[in-house]
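**Q** These two chains come separately, so use the hints to put the complex back together.
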Amino acid sequence: MGHASFCTIPLATYRRLWLLYLIERFHDACYGAVRLQKVAFFSEVGEQQRPFPFRKAPFGPYSEELRETLEQLLSMQLVEAESMGEEGNRYRARICQGTDCPYGRWLESISPSAKVAIDRACSRYGYRKQQDILDAGHQVEGFADAQAFETILDTDMGSRVRVSLDEDECEDLAISLSPKFARLIQGLSETDWVSDLDKVQLVDAG
Amino acid sequence: MRVEVLLHSRVEAELRQLRKTDSRWQRAVDTAVEKLLSAPYSAGSPLRGISSRDLQGRILKLHVGGRRGHRLFYWVPHPVAGSEVSIVIPLYLSEERRANLDYDNIDVNTIGADIVDDYRSERFDRFKRFRDLRGLAAYLD
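Protein sequences, first through last, are from chains A and B. At position 105 of the first sequence (counting the first as 1) the number is 105 in my numbering, and the numbers step up by one without a gap. At position 3 of the second sequence (counting the first as 1) the number is 209 in my numbering, and the numbers step up by one without a gap.
No lab work stands behind these hints, which were simulated from the structure alone. Quick caveat: nothing in here was measured; it's all calculated off a predicted structure. Treat the hints with care, since some could be wrong.
What the hints assert, rightly or not - If you only want the chain A side, here are some residues facing chain B, beta carbon under 10 Å, derived:
1) Ile9
2) Leu20
3) Met76
4) Gln77
5) Leu78
6) Ile95
7) Cys101
8) Glu169
9) Asp172
10) Leu173
11) Leu177
12) Ser178
13) Gln201
Built from N, CA and C at the ideal position, the CB exists for glycine as well.
Just chain B, same shape as in the assembly (with noise of 0.2 Å):
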């Protein structure tokens, strides 16, 4: 099955803010975004702690950076019978510290509300569709 990273502008800012950094996150996104193309399911963890089955597994955090960097938090919708394409869209690209950060009061755009806004609204412009790490890094350089 081919994989596709389905891209909001609001992550592709955030993934173009980090990989401006420098060569080594520049990198290290590259990385991640090679993972998520390659193999979504075991590129990161799942979120632990999801009641309903039907969901356990589909919203994952993998790390950018190492254990200490960034999370890229996505999610892997149901693949769809008779599809040849699986979907990737990541949500929302965590802050380094986060210990003590409160997720009660995080902005709801900021964790991806925006991203369901926008498809569900048909503002399709705001999205870009990815098949390879070429495309994308290219796209993001």
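Looking at chain A on its own, in the form it has when it is part of the complex (with noise of 0.2 Å):
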């Protein structure tokens, strides 16, 4: 491990580093979107380095730029979906897990209250009924007196978010949660490197 210092991620990159962190501590599955939507509301309220801005919509606060997350970790395959037919999907993470496993340090060393506010939401709002979670986001204050679709809980982050890791491991946050380089690895992995390799011409030192 190198000396502590700062770096910067882009947004985006901490945006799937706490919703990852969220979907994981479901202890089986999150069920549902909506569900998803109102628990990570319930996980900003409050807080201060807000990743998503909620608005008022017919079902409660509700984040675009968090379904649009959503679809970006499901494309990487760090989280799965599952059919639940009418009631829609359940989520699962794929993140990896043990001591190893830098998710839950990487959350803290950007905001060290956001995995305490996940955690109190998730056990709190995550498993209640679906009803029970819709009256909860209504009665939110300020709620019933926002126009459709304004903003009632708005990020207070900029385009890049300040991380309290050295360089190395920033970096490696980075690009373990880059779509892009989800794409490499799933295409490095899925390439047959051998069968082929005679075909590449070899270079001796002769």
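**A** And the structure:
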């Protein structure tokens, strides 16, 4: 481990890290996108360094940016969606486990209180009946008075996010959560590098 | 098991360019290549945060010219049963300053998508294989 220092990552990377951590906190899976949106919303209420803006929508607080981030995580195969028929999808995070897994530490290095807030919102709202969650969303202060699709909880973050990690680890964070790298690693792992190796010219010392 | 470096022409150009800078960088590149050829798994450090257990430890990065220097990212494919060759594929030699780089917007070919595409499309003329440092160093000179 190098000396502690600071670096920055794009907000988009932080959003992926934050949402990935949230989905992983569900013991089994997160049942439905509405539930996911509401737990994410309650994770941000009262917090600083809020990655997602939320607007007033028919089913309560809703973030289009969160939906887009979820799509990215699905395409990167870091989250899997399983259909529940008319009830939508259940979402599971496919992140590494164990002491070597850095996601929780990475999240803390950006926002020390985010982990606690997510854990709290997940246990308080994550397993309630759908209607209870919807009611809780509608009862949020300022929701009733807001116009349709008006922002009710804005992000307070700029386009880049400061991270308390050394440059080496910061780079690992940025790379492992980059959609382009995810596609590259998929391509590398799915390529047969051995069968045609003889077709590549061997350059010897002589 | 014998180790072979499978070198794509883009990475070859990156290494060649860095080697040309001065004798210090020439030594740094040669040292990195020697490490790859002798012990690919321990030469660099595995990228952290890879979710798939199957892929963990396959993409690594090796410092070239010290911790503040360039990093050489490389891929070590799963060894094939019965094969006597272990392959190491250098992917990308990064620029020195990296803390604020946006990997979301980096060119996919810069990080190695061109290597996958060329190999799958059987453009084998864009690759060379090397078994020892002398061969690779002489080729890059």
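**Q** Compare the structure with each hint and give your call.
**A** Here is how each hint holds up against the structure:
no. : hint   : in the structure
1   : Ile9   : holds, 8 Å
2   : Leu20  : holds, 9 Å
3   : Met76  : holds, 9 Å
4   : Gln77  : holds, 8 Å
5   : Leu78  : holds, 6 Å
6   : Ile95  : holds, 5 Å
7   : Cys101 : holds, 8 Å
8   : Glu169 : holds, 7 Å
9   : Asp172 : holds, 4 Å
10  : Leu173 : holds, 6 Å
11  : Leu177 : holds, 7 Å
12  : Ser178 : holds, 4 Å
13  : Gln201 : holds, 6 Å
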